[in-house]
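There are 2 protein chains.
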Amino acid sequence: MSLNKITSRDVDFAKWYTDVCLAANLISYGNTKGSMIMCPNGYAIWEEIQKQLDAMFKKTGHENVQMPLFIPESLLNVEKEHVKGFAPEVAWVCYGGSEKLEERLCVRPTSEVLFCDYYKNVIHSYRDLPKLYNQWCTIVRWEKTTRPFLRSREILWQEGHTMHETSKEAMDETLRMIHVYEDFQKNVLALPVIVGLKTEKEKFAGAIKTYTVEAMMYDGVALQNGTSHYFGQNFAKAFGINFLDRDNKLCVPYQTSWGASTRMIGALIMTHGDDHGLVLPPKIAPVKVIIIPIGKEEEVSLAVNKVASGLNVTYKIDDSLKSPGYKFAEAEVLGIPIRIEIGKKDLDLGVVTLVRRDTLEKTKTSINVVSDKVQELLVDIQNNLYNRALERRNKMLYEAKSYDEFKSIAGSLPGFIKVNWCGDSMCEEKIKEDTGLKSRCILEEEESDGACVVCQKSGKYKVYFGKQY
Amino acid sequence: MSLNKITSRDVDFAKWYTDVCLAANLISYGNTKGSMIMCPNGYAIWEEIQKQLDAMFKKTGHENVQMPLFIPESLLNVEKEHVKGFAPEVAWVCYGGSEKLEERLCVRPTSEVLFCDYYKNVIHSYRDLPKLYNQWCTIVRWEKTTRPFLRSREILWQEGHTMHETSKEAMDETLRMIHVYEDFQKNVLALPVIVGLKTEKEKFAGAIKTYTVEAMMYDGVALQNGTSHYFGQNFAKAFGINFLDRDNKLCVPYQTSWGASTRMIGALIMTHGDDHGLVLPPKIAPVKVIIIPIGKEEEVSLAVNKVASGLNVTYKIDDSLKSPGYKFAEAEVLGIPIRIEIGKKDLDLGVVTLVRRDTLEKTKTSINVVSDKVQELLVDIQNNLYNRALERRNKMLYEAKSYDEFKSIAGSLPGFIKVNWCGDSMCEEKIKEDTGLKSRCILEEEESDGACVVCQKSGKYKVYFGKQY
Numbered sequence: 349m350s351l352n353k354i355t356s357r358d359v360d361f362a363k364w365y366t367d368v369c370l371a372a373n374l375i376s377y378g379n380t381k382g383s384m385i386m387c388p389n390g391y392a393i394w395e396e397i398q399k400q401l402d403a404m405f406k407k408t409g410h411e412n413v414q415m416p417l418f419i420p421e422s423l424l425n426v427e428k429e430h431v432k433g434f435a436p437e438v439a440w441v442c443y444g445g446s447e448k449l450e451e452r453l454c455v456r457p458t459s460e461v462l463f464c465d466y467y468k469n470v471i472h473s474y475r476d477l478p479k480l481y482n483q484w485c486t487i488v489r490w491e492k493t494t495r496p497f498l499r500s501r502e503i504l505w506q507e508g509h510t511m512h513e514t515s516k517e518a519m520d521e522t523l524r525m526i527h528v529y530e531d532f533q534k535n536v537l538a539l540p541v542i543v544g545l546k547t548e549k550e551k552f553a554g555a556i557k558t559y560t561v562e563a564m565m566y567d568g569v570a571l572q573n574g575t576s577h578y579f580g581q582n583f584a585k586a587f588g589i590n591f592l593d594r595d596n597k598l599c600v601p602y603q604t605s606w607g608a609s610t611r612m613i614g615a616l617i618m619t620h621g622d623d624h625g626l627v628l629p630p631k632i633a634p635v636k637v638i639i640i641p642i643g644k645e646e647e648v649s650l651a652v653n654k655v656a657s658g659l660n661v662t663y664k665i666d667d668s669l670k671s672p673g674y675k676f677a678e679a680e681v682l683g684i685p686i687r688i689e690i691g692k693k694d695l696d697l698g699v700v701t702l703v704r705r706d707t708l709e710k711t712k713t714s715i716n717v718v719s720d721k722v723q724e725l726l727v728d729i730q731n732n733l734y735n736r737a738l739e740r741r742n743k744m745l746y747e748a749k750s751y752d753e754f755k756s757i758a759g760s761l762p763g764f765i766k767v768n769w770c771g772d773s774m775c776e777e778k779i780k781e782d783t784g785l786k787s788r789c790i791l792e793e794e795e796s797d798g799a800c801v802v803c804q805k806s807g808k809y810k811v812y813f814g815k816q817y
Numbered sequence: 349m350s351l352n353k354i355t356s357r358d359v360d361f362a363k364w365y366t367d368v369c370l371a372a373n374l375i376s377y378g379n380t381k382g383s384m385i386m387c388p389n390g391y392a393i394w395e396e397i398q399k400q401l402d403a404m405f406k407k408t409g410h411e412n413v414q415m416p417l418f419i420p421e422s423l424l425n426v427e428k429e430h431v432k433g434f435a436p437e438v439a440w441v442c443y444g445g446s447e448k449l450e451e452r453l454c455v456r457p458t459s460e461v462l463f464c465d466y467y468k469n470v471i472h473s474y475r476d477l478p479k480l481y482n483q484w485c486t487i488v489r490w491e492k493t494t495r496p497f498l499r500s501r502e503i504l505w506q507e508g509h510t511m512h513e514t515s516k517e518a519m520d521e522t523l524r525m526i527h528v529y530e531d532f533q534k535n536v537l538a539l540p541v542i543v544g545l546k547t548e549k550e551k552f553a554g555a556i557k558t559y560t561v562e563a564m565m566y567d568g569v570a571l572q573n574g575t576s577h578y579f580g581q582n583f584a585k586a587f588g589i590n591f592l593d594r595d596n597k598l599c600v601p602y603q604t605s606w607g608a609s610t611r612m613i614g615a616l617i618m619t620h621g622d623d624h625g626l627v628l629p630p631k632i633a634p635v636k637v638i639i640i641p642i643g644k645e646e647e648v649s650l651a652v653n654k655v656a657s658g659l660n661v662t663y664k665i666d667d668s669l670k671s672p673g674y675k676f677a678e679a680e681v682l683g684i685p686i687r688i689e690i691g692k693k694d695l696d697l698g699v700v701t702l703v704r705r706d707t708l709e710k711t712k713t714s715i716n717v718v719s720d721k722v723q724e725l726l727v728d729i730q731n732n733l734y735n736r737a738l739e740r741r742n743k744m745l746y747e748a749k750s751y752d753e754f755k756s757i758a759g760s761l762p763g764f765i766k767v768n769w770c771g772d773s774m775c776e777e778k779i780k781e782d783t784g785l786k787s788r789c790i791l792e793e794e795e796s797d798g799a800c801v802v803c804q805k806s807g808k809y810k811v812y813f814g815k816q817y
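Line by line, the protein sequences give chains A and B.
To get the working numbering, take the position in the first sequence, counting from 1, and add 348.
To get the working numbering, take the position in the second sequence, counting from 1, and add 348.
Since the hints were derived computationally from the structure, they do not count as laboratory data.
A hint or two may mislead.
It does not matter which identical chain is used: a pair holds within one copy or between any two.
[Unchecked claim] Straight-line alpha carbon distances no greater than 30 angstroms define the calculated DSSO-like cross-link-like pairs of lysine-lysine that follow:
#1 Lys-428 / Lys-448
#2 Lys-407 / Lys-631
#3 Lys-755 / Lys-353
#4 Lys-432 / Lys-597
#5 Lys-808 / Lys-448
#6 Lys-492 / Lys-448
#7 Lys-631 / Lys-406
#8 Lys-778 / Lys-675
#9 Lys-664 / Lys-786
#10 Lys-448 / Lys-479
#11 Lys-675 / Lys-549
#12 Lys-406 / Lys-644
#13 Lys-468 / Lys-721
#14 Lys-670 / Lys-479
#15 Lys-363 / Lys-428
#16 Lys-743 / Lys-675
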C-alpha cells in the first residue's frame, strides 16, 4: 500500500490541486467529459457546508423548496438578457424514451425563470410577500474546459430566489445574503474573502447589480465564491408578475437571487492545502480528530478508548492493520485537524502526542487533559488558518497608480491590483486584452482618489483586477 | 381569505388526494408535464425524512457520495436486462449548447451503471470491500401518466449501491436495508407495511431478487414504498469488476441496491389524511405544535410566550391577523399534530385547550403542565395513527382458496388478497388480465398450504395480490 504522490504546490500548482483532490479521495472522474464523482471524503465536506449554510439561511427567514430539473425552451426565452447569457451553455433534452419532444427542454443552468413562473401563480397581494425561497440542487452548464469543483458541467449548489414589495427590501436582501456568504466563508471556511460589486460587464445575465465574494487562492488567482443579485423588476415584468399593494394598487415586485456551490470546496483546498495534502479548518472538517494507536499493548487500546470517550468532537480511531507511518501520512492527506498518537512510551510518562495539521507541530499532553487541549487547539488552528491565509493574501494585494505600473505588476506578480477606474467597459476590456486580468469587484466602501488607470479620465470607482479560475 | 375546499375522501379519493396536496401547499404543478414543484410544506417533510433515514443509513455503515446526472448511451447498454427495462423511459440529452453530442446522454433513471463504472476503477482487492455507498439525488423517468409524489417524471430519492466479497454478505445487506425501510416506515411514518419478495415478473430489471415494502392506502390500493435488490454478480460480470480475494484468487464481487423516494410522502397523505386535510405523524411532522392566541389581551400574549418557552418540541405561533377559525382550519389542513388554543376565558380558569389532529379531540390542561401533556399526546397520536392504519388495513386483507372466490373478492372489495401460487408467471399474468390485480409480494415466512389458486397445480408460495398506484 502506498499513498498517491502529491506534486509540490510551488512546482506545479495545477497538478498539485488535482493530485490533492484524488489523493484525499475527494473526487473521481466520471465517465463523461466534465463530470465528477464526489467520493465520500468530498461529499462529507459538502454535507457539512450544506448543514451550516442551510441553518444560516433558515435563521434569516428562508424556506427550502424544489423546482423542476427541466426548463422548456420557451420559458428560458422569456427574459432576453438572461437567455443570451445562458442559452449557449445548456444541455438540451430532445427525446423522452423513443419519442421526440415537441418542445426541447434544457436542464436548468440556474432557476430564475422556474421561480418566476411559479411566483406568477402564487403572488397576488402584498400579503403574499416577501417570498424567501432557496433550493439545494444540481445544475448543468456545458463548459468547454473543466476542473474538479471549480468548473464542471454538473454543479451541486444552492440558489436562493426571493420576491419583495419594495426595491429597498430587495436590495437589503441582496446585501444580507452576500454578507451571509462572507460570514460563513470567513468564520467557518477560514477564507479571507473580499466583498464587492461586479462591473456591468461581469454581472449576472439579467441582473441590475451583482455582489460577489472573491477569494484569492495560494497562487494569487481569484475564485468567485458566491454571488448575490438584485434584479429590480426585470424578470417580474417579463413574466407578468403583479400584486395589489397596501393601497390596492397593482404593482410589480422586486427580486433577488443568490448562489454558492461546491466551488467552495475548491477554495478550501487551494487556500489551506499544502504539499502533504488537504488542510481542513476545524469548523468544516467532518472528522476533527483522528486517534492512532502505536503498538498493540492492551494498555494502549485502553488509553485509546479512554481518550476517545472523553472527546466531545467528531473523531475516528484508525486501528487498521496499516503501519503507523502510513496512517500518519493518510491523516495528513485527508486534512484532519488533529492527530492523536497513543503509544506505550508516552503512556509510561502519562502523556499522549497531539499533532496539529496546519503546522504539523507536535506537543505532548497529559492524558488527563486531552479533551481540553483538543478544544484549545481546534480554536487555535481555525484562527491560524484564517490569519495565515489573510497575511498571504494581503501580501498579494497591490495598488497601481499608472497603467505602466499596472502592466508591470500584472506581468510579474500574482494577486489582485487595485486601481481607480472611470466605469467605462472599454477601459476594463483594454486591461483584459493587455494583461489577461479581469475586474474582480468594485469596492463600494472606497472612493476613487485619482484618474482612471487606463484612460486618465476622472476615476469613479476603486476596483480590483486579477486573474480568475 | 378562504382555504381551498377539499373533496371528501369517500366521495372521490383521487380528487381528495390532489386537493390535499394543493390545499396543504405541499406541491404546485410545474410548467412541463409530470413535473412538480415541492413547496415549503412538502419539502420540509422531505427534509425530515432525509434527516432521519440518512442517520439510519450512516448507523448501518453507509457513506454518501454523488454520481453524475448523465449516463452515456453506451454505458446504459452494458447490462442487457437493465437497459431493456429502462431505455423506454429515459430522457435523452442530444445537444450541449448549439453542438450536437457525438453520443447521447440519458438523465439517470437509476444509477447502477454509474456506480459499477466507478467500482470497476476502485475495487481491486478484498481490502477494498465492502463498498457501502448511498446518494440522495434526482432521477428522471419518462412516465406517461403522472401524479404528485406517486408517479412523476422527476423523482427525488436516495439510492444505495453496495459491493461485497461474498454472496451471503450481499444477501444480508439486501435484507438489512429492506428492514431499515420497514423500521422507518412503521416507527416513524406510522405506516403498517408488509415486507416481501417480488415475483420474477415484478422484480427490478437486472436483479436476481427484489424485496419490497408494500403499504396499503386508505382506498385499499397498494403503494410500493421502497425496494432492495440483490444483483448477485450480474452487473459486476457485465462491467468486468474483479478483486483478489484473501487467497489471492481473482473473484467477482456481489452487489445490492436499494431506494426509496418522495413517494413516501404520498403514502403519508393517503394513509393518515382525512377530509380536513393532512394528518402528520408526530415523529415526521416538521412542526409538532401550533399555538394560536384567541384575543389580543396582554394576558393572552404573555401566556402564549410562557407556554411556547416551556415546550421542548418544534412549534409555531400563529399571531397573524387571520381569524381564529381560519387559523384552526389552516392548522388542520397542514396536519400539525397538536394545536394549542390560548384565550382569556380559559386562562381565567388556569387552563389552555389542546386539540389533537388525529381525532380532533379537545382537552383542557392546566397551563402549568402543558409541556408534559404535549409529550404524552405526541406519543399517543403516533401510536394511534399506526394502530388505526393497521386496523383498517387488516380489514382489507383477504385470503382466497379458489379462483372464483378470488375473482369475487377482487371484483367487489378493495384490498390485498392472499393466495397459494405455483410460481408460474402465466398464472400471475392471468390474474392481472382477469382482475387487474398484480402480485404485491411473496411472503417468505409463510408456506403454501394448497394448490395454486389459478392452475390448481401444487402451490409453492403465499402471495398477496392487489391493485397498485
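Hints and how they fare:
1. Lys-428 / Lys-448: Classified as both; 27 angstroms inside a copy, 24 angstroms across copies.
2. Lys-407 / Lys-631: Result: close both inside a copy and across copies, 19 angstroms intra and 23 angstroms inter.
3. Lys-755 / Lys-353: Classified as neither: same-chain Cα gap 37 angstroms, cross-chain 69 angstroms, threshold 30 angstroms.
4. Lys-432 / Lys-597: neither (33 angstroms within a copy, 58 angstroms between copies)
5. Lys-808 / Lys-448: neither (53 angstroms within a copy, 45 angstroms between copies)
6. Lys-492 / Lys-448: Classified as both; 27 angstroms inside a copy, 14 angstroms across copies.
7. Lys-631 / Lys-406: For Lys-631 and Lys-406, both the intra-copy (19 angstroms) and inter-copy (21 angstroms) Cα distances are at most 30 angstroms.
8. Lys-778 / Lys-675: Neither. Shortest intra-copy (52 angstroms) and inter-copy (61 angstroms) distances fail the 30 angstroms Cα cut-off.
9. Lys-664 / Lys-786: This pair counts as neither: shortest intra-copy Cα distance 44 angstroms, inter-copy 48 angstroms.
10. Lys-448 / Lys-479: Classified as neither; 37 angstroms inside a copy, 39 angstroms across copies.
11. Lys-675 / Lys-549: neither (49 angstroms within a copy, 49 angstroms between copies)
12. Lys-406 / Lys-644: Between copies, since 28 angstroms is at most 30 angstroms while 48 angstroms is not.
13. Lys-468 / Lys-721: neither (56 angstroms within a copy, 43 angstroms between copies)
14. Lys-670 / Lys-479: between (54 angstroms within a copy, 19 angstroms between copies)
15. Lys-363 / Lys-428: Neither. Shortest intra-copy (40 angstroms) and inter-copy (39 angstroms) distances fail the 30 angstroms Cα cut-off.
16. Lys-743 / Lys-675: neither (35 angstroms within a copy, 59 angstroms between copies)
The structure fails hints 3, 4, 5, 8, 9, 10, 11, 13, 15, 16 (numbered hints given earlier, in ascending order).
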